[in-house]
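Student: Start from the sequences and build out the full structure, keeping to the hints where you can.
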Amino acid sequence: MFSLARSHRALATVKLADLGLFPSQELILMQLWDEDGQSQKALGQTQRFDHSTIAKSVRRLESTGLVRREKCPTDGRATLVFLTEAGQALKQPTRDVWAELERRTIEGLTAREQTQLVALASKIIPHLD
Numbered sequence: 001m002f003s004l005a006r007s008h009r010a011l012a013t014v015k016l017a018d019l020g021l022f023p024s025q026e027l028i029l030m031q032l033w034d035e036d037g038q039s040q041k042a043l044g045q046t047q048r049f050d051h052s053t054i055a056k057s058v059r060r061l062e063s064t065g066l067v068r069r070e071k072c073p074t075d076g077r078a079t080l081v082f083l084t085e086a087g088q089a090l091k092q093p094t095r096d097v098w099a100e101l102e103r104r105t106i107e108g109l110t111a112r113e114q115t116q117l118v119a120l121a122s123k124i125i126p127h128l129d
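Positions 1 to 129 (this note's numbering) are the ones given, in order, by the sequence shown.
Simulated from the structure, these hints should not be mistaken for lab results. Among these hints, one or two may not hold up.
To be verified - In silico DSSO-like pairs for lysine-lysine, Cα to Cα no more than 30 Å straight-line:
#1 Lys41 - Lys15
#2 Lys71 - Lys41
#3 Lys123 - Lys71
To be verified - Label pairs and their calculated CB-CB ranges:
#4 Arg69 - Asp34: 12 to 20 Å
#5 Ala5 - Glu113: 14 to 22 Å
#6 His127 - Asp50: 38 to 46 Å
#7 Asp50 - Glu107: 30 to 38 Å
#8 Pro23 - Ser122: 18 to 26 Å
#9 Ala78 - Arg103: 35 to 43 Å
#10 Thr13 - His51: 35 to 43 Å
Note that the structure is a prediction, hence the values are computed from the model and not measured. Beta carbons: idealized from backbone N, C-alpha and C, even for Gly.
Tutor: Written out as structure tokens, the structure is:
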């Protein structure tokens, strides 16, 4: 299992680097594609990042022009994160990377094995949450 996870993440790292992304930044972007203008705190909670990790990740995304931060108009302590046009433009390329990763992960499996893999993964995931 460790080898599978390590190999998958290594390939994801290379493919995402081609888009100018560091590992896990795509997860933040995906969350913003679903709902733009989320608080930095909400992004961190959903991704299970501690405060300093999400702050660093958002700063990196901001420095590359993919997101912008604004103070929340109703809560001066909160920071809201919004996608820029450049961040929006990465939506399809990032989805393409994940589609390729999925394809390469299962390409050596029969249709039945693919179904079994999904079923087994569905049983494992709750124990990791």
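Student: Taking the hints in turn, state whether each one holds.
Tutor: Results of checking the hints against the structure:
{"no.": "1", "hint": "Lys41 - Lys15", "verdict": "28 Å, holds"}
{"no.": "2", "hint": "Lys71 - Lys41", "verdict": "12 Å, holds"}
{"no.": "3", "hint": "Lys123 - Lys71", "verdict": "41 Å, violated"}
{"no.": "4", "hint": "Arg69 - Asp34: 12 to 20 Å", "verdict": "18 Å, holds"}
{"no.": "5", "hint": "Ala5 - Glu113: 14 to 22 Å", "verdict": "18 Å, holds"}
{"no.": "6", "hint": "His127 - Asp50: 38 to 46 Å", "verdict": "22 Å, violated"}
{"no.": "7", "hint": "Asp50 - Glu107: 30 to 38 Å", "verdict": "36 Å, holds"}
{"no.": "8", "hint": "Pro23 - Ser122: 18 to 26 Å", "verdict": "24 Å, holds"}
{"no.": "9", "hint": "Ala78 - Arg103: 35 to 43 Å", "verdict": "39 Å, holds"}
{"no.": "10", "hint": "Thr13 - His51: 35 to 43 Å", "verdict": "24 Å, violated"}
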